[in-house]
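Construct the entire structure; sequences and hints are all you get.
Top line first, the protein sequences correspond to chains A and B. Here the first sequence stands for residues 1 to 378, where the numbers follow the working numbering. Here the second sequence stands for residues 1 to 332, where the numbers follow the working numbering.
To be clear, the hints were calculated from the coordinates, so they are not data collected in a lab. Where is the CB? At the ideal position from N, CA and C, for every residue including glycine. Incorrect hints may have been included.
What the hints assert, rightly or not - In silico negatives: residues of chain A with every beta carbon more than 10 Å from chain B: (1) R13; (2) R29; (3) P120; (4) E124; (5) S157; (6) A158; (7) V176; (8) T177; (9) A181; (10) R182; (11) V329; (12) P332.
To be verified - Partial chain A-side listing against chain B, Cβ under 7 Å, derived: (13) F32; (14) F149; (15) L156.
As the list claims (entries may be wrong) - Within a straight-line C-alpha distance of at most 20 Å, the following computed EDC-like cross-link-like pairs (lysine to aspartate or glutamate) qualify: (16) A:K183 x A:E198; (17) A:K81 x B:E237; (18) A:K161 x B:D322; (19) A:K81 x A:E43; (20) A:K100 x A:D180; (21) B:K224 x B:D322; (22) B:K239 x A:D77; (23) B:K239 x A:E97; (24) A:K100 x B:E237; (25) B:K130 x A:E35.
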Amino acid sequence: MQQTRTSEPTGRRVLDTDAPYVLDVRDVRTEFQLEDGVVGAVEGVTLQVRRGETLAVVGESGCGKSVMARSILQLVDRPGKIVGGQVWVPVPPIDPETAKRRRGLFSRKKAPTIPVVTDPDAPEGMVDLLASDPEILRAVRGKRISMVFQEPMTSLSAVHKVGDQIAETILLHEPVTTEDARKRAIELLRRVGIAAPEKRVDAYPFELSGGMRQRVMIAMALACDPELLIADEPTTALDVTTQAQILELLKSLRDETGMAIMIITHDLGVAAQLADSIAVMYLGNVVEYGDLAEVFRHPKHPYTRALLASVPKLGQSRGRRLEPVRGMVPHPFARPSGCTFRDRCDFAQIGRCDVAPPPLLRDDDGHEVRCVLYEEER
Amino acid sequence: MGRYMLRRVGLMLVTLLAISFVTFWIIQLPPGDYVSTLVAQAEARGEVISPERMAAMRARYGLDDSFLVQYWNWISNIIFRGDFGDSFAWNRPVSTLIWDRVGLSFFLSVSTLLMVWAISFPIGIYSAVKQYSPGDYVATFFGFVGMAIPEFMLALVFMWIGVKYFGQSAGGLFSPEYVDAAWNIGKLMDLFSHLWLPVLIIGISGTAGLIRITRANLLDELYKPYVITARAKGLPEWKLLLKYPVRMSLSPFFSTVGWLLPGLISGETIISIVLSLPTTGPLLYGATLSQDMYLVGSFILILSALTVVGTLLSDLALAWWDPRIRRSYQGS
Ligand SMILES: Nc1ncnc2c1ncn2[C@@H]1O[C@H](COP(=O)(O)OP(=O)(O)O)[C@@H](O)[C@H]1O
Ligand code: SF4
Ligand SMILES: [Mg+2]
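Below, the structure is given as C-alpha cells:
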C-alpha cells in the first residue's frame with residue numbers, strides 16, 4: 001500500500017451519533033462469474049453511514065472496495081452480479097416532471113410508484129434499492145447519492161462540454177430550465193475552485209488538467225446537493241500536491257453542506273485526514289469497523305494492525321523502509337478456508353481459524369472485528 | 001479552422017491536377033489516336049479515308065499538338081463546357097452517355113446505403129448491448145453468412161427464384177415499357193418496384209459487415225468509466241447509451257463516411273452486370289474492354305475527384321463530430 005504521512009487526528013468533529021442513516025448496507029454479495037469460476041468480490045458487506053458522517057473504507061488493492069461501492073448504486077459492470085443483500089436508503093422524493101426525464105424508452109408507466117415496503121425488518125422510511133423499481137434507483141442516483149471515481153481522465157465524456165455534463169445531472173433531477181441549469185453549473189464550478197468558470201463551463205475535458213477534471217467530477221457529484229457522496233479513490237490518479245488540494249476541497253465542501261461521505265482509499269493517511277469512522281476490508285469482507293480514532297489507537301484485527309504498522313509515523317526517519325503486510329493477497333480462486341487472512345496472519349490458530357469464517361464481534365462502543373482472537377473477551 | 005480548411009482545399013486542388021494529368025496520359029496510352037481508330041473502323045466497313053481527310057481531321061482535333069496543349073484542350077473542355085470527349089464505341093459524346101447512369105447509380109447506391117444504415121446500426125447496437133444473448137447470436141450468425149455469400153450468387157439465386165416461381169425476370173431497373181419512356185410518376189413507381197431487389201442484394205454484405213463493425217466499436221466503449229459516470233447520474237439506460245458510448249463509437253464511422261462517395265457512383269459492377277442494371281458499372285466495364293479511352297478516362301477522372309472530395313468531407317465530418325479533432329485544427 002501507498003501511504004502519506006499520518007498524524008494523530010486532531011480537531012475531531014463532533015458527530016450526532018443519533019442521526020438517521022443515509023445508507024444501510026446489509027450483507028451485500030457481488031460475484032464475478034468468469035469462465036474459470038466465480039470470484040466473490042464482495043462477500044457479505046454490512047455497513048451504515050449516518051447523516052453527515054464520513055466513513056473511510058480502506059484495504060489493499062483488489063480487496064473489493066470499488067465493487068462494494070458500485071454495488072450500492074448497481075453500477076457493477078458485467079460479468080459482475082449482485083447476488084444478495086439489501087441496500088437501504090431513505091425513500092427519494094419523486095417529482096413527476098423530472099421523473100419523465102428519467103423514464104425508460106419502453107416504460108409505459110404514467111407515474112412512478114412509491115414502493116410499498118413489506119419487509120418487517122425494513123428500517124423506517126427507507127427502501128431497498130436492490131429490490132425496488134429502476135425508477136426509484138434512478139431517482140437516487142446523482143440526486144441523493146452521487147459518486148466520484150478514481151480516473152478523472154476517463155470518467156468524463158470527451159466529446160461533451162463539462163458544463164453540459166454537469167447541467168445534465170441537474171436537469172435530470174430538478175424541474176429547472178436549461179439556462180438555469182447552466183447558471184448552476186457555473187456556480188458549481190466556482191464552488192469547486194475552478195478559475196474563470198464562465199469560460200470553463202464551455203471547455204471540453206481534454207482541455208483541463210487532471211486536477212481540474214476531478215474538480216469537475218466533484219462539481220457534478222454535488223450538483224443536486226446529495227445526502228451522500230461516494231468517492232472511490234478520488235486522489236489516487238493525481239500528483240501529490242493536487243491530492244492534497246482535492247482532499248481539502250472535499251473537507252470544506254463537506255463542512256459547508258453537511259453531506260455524508262464514503263471515502264474509499266488504500267491510503268490510511270487520507271482516511272486519517274477526513275474520516276469519522278473507518279471500515280477495513282479484506283477480500284470482500286469488512287474485517288474491522290469502528291470510530292476512526294479508536295481503531296487507529298487500538299486496532300484489533302491482525303490485518304488492521306499490520307496495515308497501521310506499515311504507515312510512516314511522524315518523526316520517523318524518512319529513509320526507513322516500511323514493512324508492508326506480510327505475504328500476498330491470495331488468488332481469488334485459491335482463498336484459504338475459514339478466515340481468508342489466515343495465511344498472512346501471525347496469530348493464526350490451527351483448528352480454529354481454518355475451520356469456519358471467524359465471527360463478527362462487537363463491543364459496547366460499536367467497535368467491530370471479525371477475528372477469533374477476541375471471542376474470549378465476550 | 002478556416003486556415004486549416006484553406007490548406008486542405010489547396011492540397012485537394014493540387015491532387016486533382018496531378019490526377020487529371022495521369023488520366024490524360026492513360027487516355028493517350030493505347031497505340032494510335034482518335035483518327036487512326038476512325039480509319040480502322042472505316043476500313044472494317046470497307047470504306048477508305050483519304051490521307052488528306054486524315055490530315056484535316058488530325059488538325060481539327062489537334063492531334064499533332066504537344067502533350068500539354070492537347071491536355072489543356074481536353075481539361076478546359078471538361079471544366080468550362082462539361083465536354084468529356086467522344087466515345088469511339090458508342091459514337092456519341094461521353095457526357096450524353098454517363099450522366100443518366102451516374103444518376104441511377106447514385107440513386108441505387110444511396111438507397112442501398114440508407115437501408116444498410118437503417119438496419120445495421122440498431123442491430124449492431126442491440127448486439128453489443130445484449131452481448132451473448134440469443135438475439136446477438138442470431139445477428140452474429142446473419143453477419144457471418146451475409147459476409148461469406150458472394151453477392152453475384154445471391155443475385156443469381158434471386159433471379160432463379162423470380163423466373164421459376166413468379167414467372168418474371170428479376171433483372172433491370174425498369175419494366176420494358178418504361179425503359180425508354182420519359183420520367184413520370186409511373187416510371188418512378190416502376191423504378192421503386194424494381195429497386196428493392198438490387199438494394200437488398202447489394203446491401204446484404206454491407207449490412208452484415210457494418211453490424212459487426214458497429215458491435216465491435218460499441219463493445220470497446222460500453223464499459224468505459226464515462227459510461228458509469230453517466231449511469232450514476234440517474235440517466236435512463238437507452239438515453240445514456242445513445243448519448244455517450246454510441247456517440248463515441250461512431251467516430252471511426254465518421255472518419256470513413258466520405259470514402260463511400262466514389263463507391264456511390266461506381267456502384268456494384270458485378271451485380272449490375274448480372275442483374276443488367278443500367279448503372280455505370282457495366283458501362284465502365286465495357287469501355288475498358290473496347291479501349292474506349294475517353295469514356296474510361298472520364299470515369300477515372302470523376303471517380304478520383306470524388307475520392308479526393310470524399311476524403312476532405314470525411315475529415316470535416318469527423319471534425320464536426322469530435323470536438324477533440326476540431327480543437328486540434330483550431331490550434332494549428
Ligand atoms: N471486471 C471484472 N472482472 C472480473 N473480476 C473483477 C472485475 N472487477 C473486479 N473484479 C474482482 O473483484 C475484486 C475486487 O476488485 P475491486 O473492487 O476493484 O478492488 P479494490 O477497489 O479494492 O482495489 C478483484 O480482485 C477482482 O478479482
Ligand atoms: S481469525 Fe485467525 S487468522 Fe483470521 S485474523 Fe483472526 S487470528 Fe488471524
Ligand atoms: Mg478500486
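We went through each hint and held it up to the structure:
{"no.": "1", "hint": "R13", "verdict": "holds, 27 Å"}
{"no.": "2", "hint": "R29", "verdict": "holds, 20 Å"}
{"no.": "3", "hint": "P120", "verdict": "holds, 30 Å"}
{"no.": "4", "hint": "E124", "verdict": "holds, 24 Å"}
{"no.": "5", "hint": "S157", "verdict": "violated, 5 Å"}
{"no.": "6", "hint": "A158", "verdict": "violated, 6 Å"}
{"no.": "7", "hint": "V176", "verdict": "holds, 15 Å"}
{"no.": "8", "hint": "T177", "verdict": "holds, 18 Å"}
{"no.": "9", "hint": "A181", "verdict": "holds, 13 Å"}
{"no.": "10", "hint": "R182", "verdict": "holds, 16 Å"}
{"no.": "11", "hint": "V329", "verdict": "holds, 23 Å"}
{"no.": "12", "hint": "P332", "verdict": "holds, 19 Å"}
{"no.": "13", "hint": "F32", "verdict": "violated, 13 Å"}
{"no.": "14", "hint": "F149", "verdict": "holds, 6 Å"}
{"no.": "15", "hint": "L156", "verdict": "holds, 6 Å"}
{"no.": "16", "hint": "A:K183 x A:E198", "verdict": "holds, 9 Å"}
{"no.": "17", "hint": "A:K81 x B:E237", "verdict": "holds, 17 Å"}
{"no.": "18", "hint": "A:K161 x B:D322", "verdict": "holds, 12 Å"}
{"no.": "19", "hint": "A:K81 x A:E43", "verdict": "holds, 12 Å"}
{"no.": "20", "hint": "A:K100 x A:D180", "verdict": "holds, 19 Å"}
{"no.": "21", "hint": "B:K224 x B:D322", "verdict": "holds, 17 Å"}
{"no.": "22", "hint": "B:K239 x A:D77", "verdict": "holds, 18 Å"}
{"no.": "23", "hint": "B:K239 x A:E97", "verdict": "holds, 17 Å"}
{"no.": "24", "hint": "A:K100 x B:E237", "verdict": "holds, 14 Å"}
{"no.": "25", "hint": "B:K130 x A:E35", "verdict": "holds, 18 Å"}
The structure fails to meet hints 5, 6, 13 from the earlier list, while all remaining hints are met.
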